[in-house]
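Peer 1: Residues per chain are reported as follows:
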Amino acid sequence: MALLQVQDLLITLKTAHGPQEVISHVSFSMDAGEKLGIVGESGCGKSITALALMSLLPPDSRISGKILLEGRNITNLNSREICSIRGNRIGMIFQEPMTALNPVKQIGAQVSESIYLHTKLNRKQTLEQVIELMDKVGLPMERFPLNLYPHQLSGGQRQRVMIAMAIACSPDILIADEPTTALDVTVQEQILDLIQDLADSSGMALVMISHDLGVIAQTAENVMVMYTGNVVEMGSTIDVFQNMLHPYTHGLFSAIPHVGSSAKQSKKRLSSIPGQVPELHLRPNGCNFANRCQRASSICNEKEPSETRISEHHQVWCYHPLNRQDKRKIKK
Amino acid sequence: MFKTLAELLGHGLKNWSFVIGGAISLLFFLVAFLSYFWTPYPVEDINISERLLKPSTQYLLGTDHFGRDILSMLIQGARNSVIVAFVAIGIGIGCGVPLGLTAAARKGWIDEFIMRFNDLTFAFPALISAIMITAILGPGSVNSIIAIGIFNIPVFARVARGAALSIWKREFILAARSAGKGPFKISIEHILPNISSMLIVQATIQFALGILAEAGLSYLGLGTQPPMPSWGKMLNEAQTFMHFAPQLAIYPGAAIALTVLGLNLFGDGLRDVLDPKLRRSR
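Chains A and B, in that order, give the protein sequences.
Using this note's numbering, count along the first sequence one by one with no gaps and you end on 1016.
Using this note's numbering, count along the second sequence one by one with no gaps and you end on 271.
None of these hints come from the bench; they were simulated from the model.
Since the structure is predicted, the reported quantities are computational estimates derived from the model, not experimental observations.
Careful, some of the hints might be misleading.
Said to hold, decoys possible - Quick look at which bits of chain B chain A covers, simulated, 3 or more residues with Cβ under 8 Å: (1) 148 to 161; (2) 175 to 189; (3) 194 to 202.
Stated by the list, open to error - In silico DSBU-like cross-links for lysine-lysine, where the CA-CA straight-line distance does not exceed 35 Å: (4) B:K174 <-> A:K698; (5) B:K158 <-> A:K750; (6) A:K804 <-> A:K820; (7) A:K789 <-> B:K174; (8) B:K43 <-> A:K789; (9) B:K3 <-> A:K808; (10) B:K3 <-> A:K750; (11) B:K96 <-> A:K750; (12) B:K3 <-> A:K789; (13) B:K174 <-> A:K804.
To be verified - Partial selection, computed: residues in chain A whose CB lies under 10 Å from chain B: (14) G727; (15) L735; (16) S763; (17) I777; (18) P829; (19) I859.
Using N, Cα and C, we set each Cβ at its ideal position, and we do this for glycine too.
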């Protein structure tokens, strides 16, 4: 049985324009130890999906579909049951290490919190566990005493504390919601390595959420490309990155700036996806990407595309997926 | 911890209202404390032959219409004010803060219920309601403490709720929730430490108001009962002799005004000192 199965997830949020669907019909599954990347631009529902996995959606949101953790639906649990899953079975790392730590509590106390909550260890054992955790995330006690406050640490160090908090009870799934977005590039590399090492060594499944394709390529085995609350392409990272089929995926890729070696390349304008993400209440009936898509035809505006299975590990939701020739043409 | 306290004090010494207000408040507390060990004369001693004396070396501030030493009564009255205001603040914080935290944590109808109940309490003028309560329960210092305490509850509930709501939106609360903490634990362990500075500032201001309210109730004869002296009661008794012994009214009046001023200044200064943003902008 898959460790985590999301079936037909549908989330509506209350907005100024009435309830709006922010996640529609998202389904995926993860095995133990699997690393899944979720990629997409801002506002495409990556973070909402992550919060849904933790049952941390805002109180006025509505959720339907199923999120099965080892076959048990966790969308309709009461607050005590869900609290025993959060932090214990599923851990989460947040985007902003600057704000995700409590400014008035010592870091040691913050890391030990979930150990106290979910295990029956006594004070001394907890302390030992915390020291071991801090060691694991690269903050040895000799240099970073547990009584430091968050403001005494740098961004990267704080993110390490966050990671220690998230993995304190060795969860089965670690969700990293853009863990490196707020950090600079050199630190980003270290944090990604750390997360990956931790996941590898403990067999945690990892959900890596990012808008940075490089981060996904580096960390994830499977990738899910999201746009306006829909999955548009899903598959193993190698398949998707080498043989991308959805025009949106392709757009994301061509928007990565390259340091050109030849003069011709460096003079080329950076390509971008025209237009912008349609607002929630202005979403079309058909494919949400149609009005930004160069390949769109009349059917795209009428009906939502359904899943096309390319291979066992590669699916796309598009009427006009790219084929080989197109790609060659675009490359030129 | 001690380092940060010393740092705070260092910032505080640059703040004039903190220094002056702190000095006055400290003096007030010391005087109140002193009354437990020493007063120039016992306040219960009535000596009619020495009534309404002008200030002299024997009686530094003179005597009242019963020949009691006014300085002793002021010192004793300070203690009385401290106790009443302190316990009333305790009631206010003890009931108000949990209510405010609950309202912020649970939202929905519980929040509405608590806050509308607060509004209801606010709708009554505090002093008049305190008079009503003491009229029902009977005059006395315990009842005046209860009456003042009850009207501190909604004040603290509001401050706690407002501050807590803004903390609830912060990301570290989401992080705490993702660690599996329930709303109760988050309120105690994460929210409360973050709003404590605001509560402390509010407490100093409510303390001053408490002293004022106690003086008001005692002035009306509903608060502290004789022979225990109280500033409000001294004012009341001085009324009769206003024309030929105005000093009787001036001393307790000045004591009330000075203490309230000192506590308010202290609260103001404390707010600036505890808020790092305000501190930096100076």
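Peer 1: Against this structure, judge whether each hint is valid.
Peer 2: Now the hints, each set against the structure:
1. 148 to 161: Coverage by chain A holds here, the residue count being 3 at a Cβ distance below 8 Å.
2. 175 to 189: Per the Cβ count (4), the hint holds.
3. 194 to 202: violated (count 0)
4. B:K174 <-> A:K698: holds, 28 Å
5. B:K158 <-> A:K750: Holds, because 27 Å separates the two Cα atoms, which is no more than 35 Å.
6. A:K804 <-> A:K820: Distance ~22 Å between A:K804 and A:K820 Cα, so the pair holds.
7. A:K789 <-> B:K174: holds, 14 Å
8. B:K43 <-> A:K789: violated, 58 Å
9. B:K3 <-> A:K808: violated, 43 Å
10. B:K3 <-> A:K750: At roughly 60 Å apart (the allowed maximum being 35 Å), A:K750 and B:K3 break the hint.
11. B:K96 <-> A:K750: holds, 27 Å
12. B:K3 <-> A:K789: holds, 27 Å
13. B:K174 <-> A:K804: The hint holds at about 17 Å.
14. G727: Cβ of A:G727 sits 18 Å from chain B, so the hint is violated.
15. L735: Hint on A:L735: holds, closest Cβ of chain B at ~8 Å, below 10 Å.
16. S763: Check passed: Cβ of A:S763 comes within 7 Å of chain B, closer than 10 Å.
17. I777: holds, 9 Å
18. P829: Violated: closest Cβ of chain B sits about 14 Å from A:P829, beyond 10 Å.
19. I859: holds, 8 Å
Checked against the numbered hints given earlier, this structure breaks hints 3, 8, 9, 10, 14, 18; the rest are met.
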